[in-house]
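Visitor: Using the sequences and the hints, build the whole thing.
Each chain, written out:
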Amino acid sequence: MSAVAVPDAGAGLTLSRARLRPHWWLAGLGALAGAFVLGIMVGPVALAPGAVLRALLDLIPGVHLASGLSPTESAILMQIRLPRVVLGGLVGAMLSISGAAYQGAFRNPLADPYLLGAAAGAGLGATLAIAYGGASQSLIPVAAFAGALAAVAVAYAVGRSSAGRNATTLILAGVAIASFLTAIQTFVQQRESDTLRQVYTWILGRLSTAGWSDVLLVLPYVVVSSAAILLHRRLLDVLSVGDEEAESLGVSARRVRLAVVMAASLGTAAAVAVSGLIGFVGIIVPHTVRLLAGMSYRSILPLSLAGGAAFMILADLLGRTVVAPAEIPIGVVTAFFGAPFFALALRTSRRMLS
Amino acid sequence: MIGLRDVRVSYGDRAALDGVTLGVADGEWLGVIGPNGAGKTTLLRAIAGLAIAEGTIAIGGKPAARLRRREHARLVALVPQRPLVPAGMTVADYVLTGRSPYIGLFDMESRSDLAIVAGILDRLGIAAFAGRALGSMSGGEQQRVILARALAQQAPVLLLDEGTSALDVGSQQEVLELVDGLRRSDGLTVVSAMHDLTLAGLYADRLALLAGGVVVANGSPHEILTEQLVRAHYRADVRIHRAPDGTVAVLPQRGGTT
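Read top to bottom, the protein sequences are chains A and P. Residue 193 in our numbering sits at position 193 of the first sequence; the count goes up by one each step and never skips. Residue 229 in our numbering sits at position 229 of the second sequence; the count goes up by one each step and never skips.
SDA-like mimics (lysine to any residue), calculated; alpha carbons at most 25 Å apart, straight line: (1) P:62 / A:244; (2) P:62 / A:247; (3) P:62 / P:27; (4) P:62 / A:252.
These aren't lab readings, by the way, just hints derived from the structure by calculation. Keep in mind the model is a prediction, meaning the values are calculated, not measured.
Guide: The structure is reproduced here in structure tokens:
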């Protein structure tokens, strides 16, 4: 959003370029910090806030503090809650910024991180690993990651080689690839029906088994993909005036789209590999951000990153507390709580505009 | 400023431009007229470097084929026929995209970019709209904003693709007067594709009549706006009225086409 200073008489006007305003910076970081605190403090075992704070400070290299937590409490914090919150935050951040990136690259508000078949590819990969991979659980994320990337690559190749070469052909290619892969997945499931339950659980998404190894697996992808997408924030603004016009302004729309889609797909594949298919985050968070902070990708992208992390941590918190000791799958929670919230945001924004 | 020699552009089997040779002098306003499908838009797209063209196109003496996309965008600015208007984008943000040819790929707009855009908004009388969303503006206001974006490119060549066709007569004139003023003050070279022949004759120094992808006539408005030429190529019944002050009015007539 641009701030426009009211000019002195005859002095001309002063413009400022689109950017993330300080109060939105604070709001994004505040939401993230709040979600983080709730995420590690709420659970079946109550932990003393002071002790948790000391335990966290103790993690900083060079700081040595005795937290006062019992070994069990310490394990709950360090091995269960903290990795789960961090992983949820990373996955939420990645899915949200990828959604925003796809929406910008395709100028399509309905684009989500799974648009080009990443979900179907990951689903097939995981299904194959579960059905034929033997007992090895560690194969599932690798197979999901490979499946997601392969699906997007094929969709891109098919969409590119067609005559149209525009955003719509790419989306259509994605839809075709997704249907094809889903058909194979259904076939495999039918043949190996004893795997149904495990595949179904995986598809609904989960953070319950989160450990530090998952965090380490996904972290580099989140960092690299997010950085690459953020670098394109101004170019995504230019892309919003249209492909041909971007070209006439000296910006290659095709190259920007390729780079952004590659980064977003890579990050999405990594996120899907560790958490399963968590829907709706990539649409609801960027759109809420748009309604609040404006249409420039310079605010949409960073706020989606922070908002997506916060949203996912809170959704996971609800999922594991509402019917405790049982858990609601995270994918169900994001849609169940996300949709009404989104409807509310839509209504308020309409009132604000009119 | 612009030189085209034997330029051909095809869409599939159909030749949209079928050997166009044309020159535009520095500071000249060339009006490109012709019936629908004659190739007016394709001609402008070719000059803007957006169409794959055979033959040679030179801009400012440089062969366009050897210009990089960004260099091209610094020489030629295009006001397209039906631009995509992102409704939620602010006027200032939209016009700032016109600075893209000068901004490093991953850089942001500099102070001077902002100052240039502020000056252009001021000049076009839309400074007060800077913070408003494009979707909330009227067609005439939007047209000024789109022109402002093209001017932000600070290119010596300005291409207008029937940019005024959807506007009422007053807004059309406003935009054309603005362009004419800029041409006189900044020495812009203007090529405009126009449907309204009277307006074309009023503003352009020279008219090129396109039909079927070739230039069938090229000369002063007086030479080109004749009953025979208009009847032959537009299949329209018109009467040409030449006012004592030199303006040429093209008046449609009833009586059926011949």
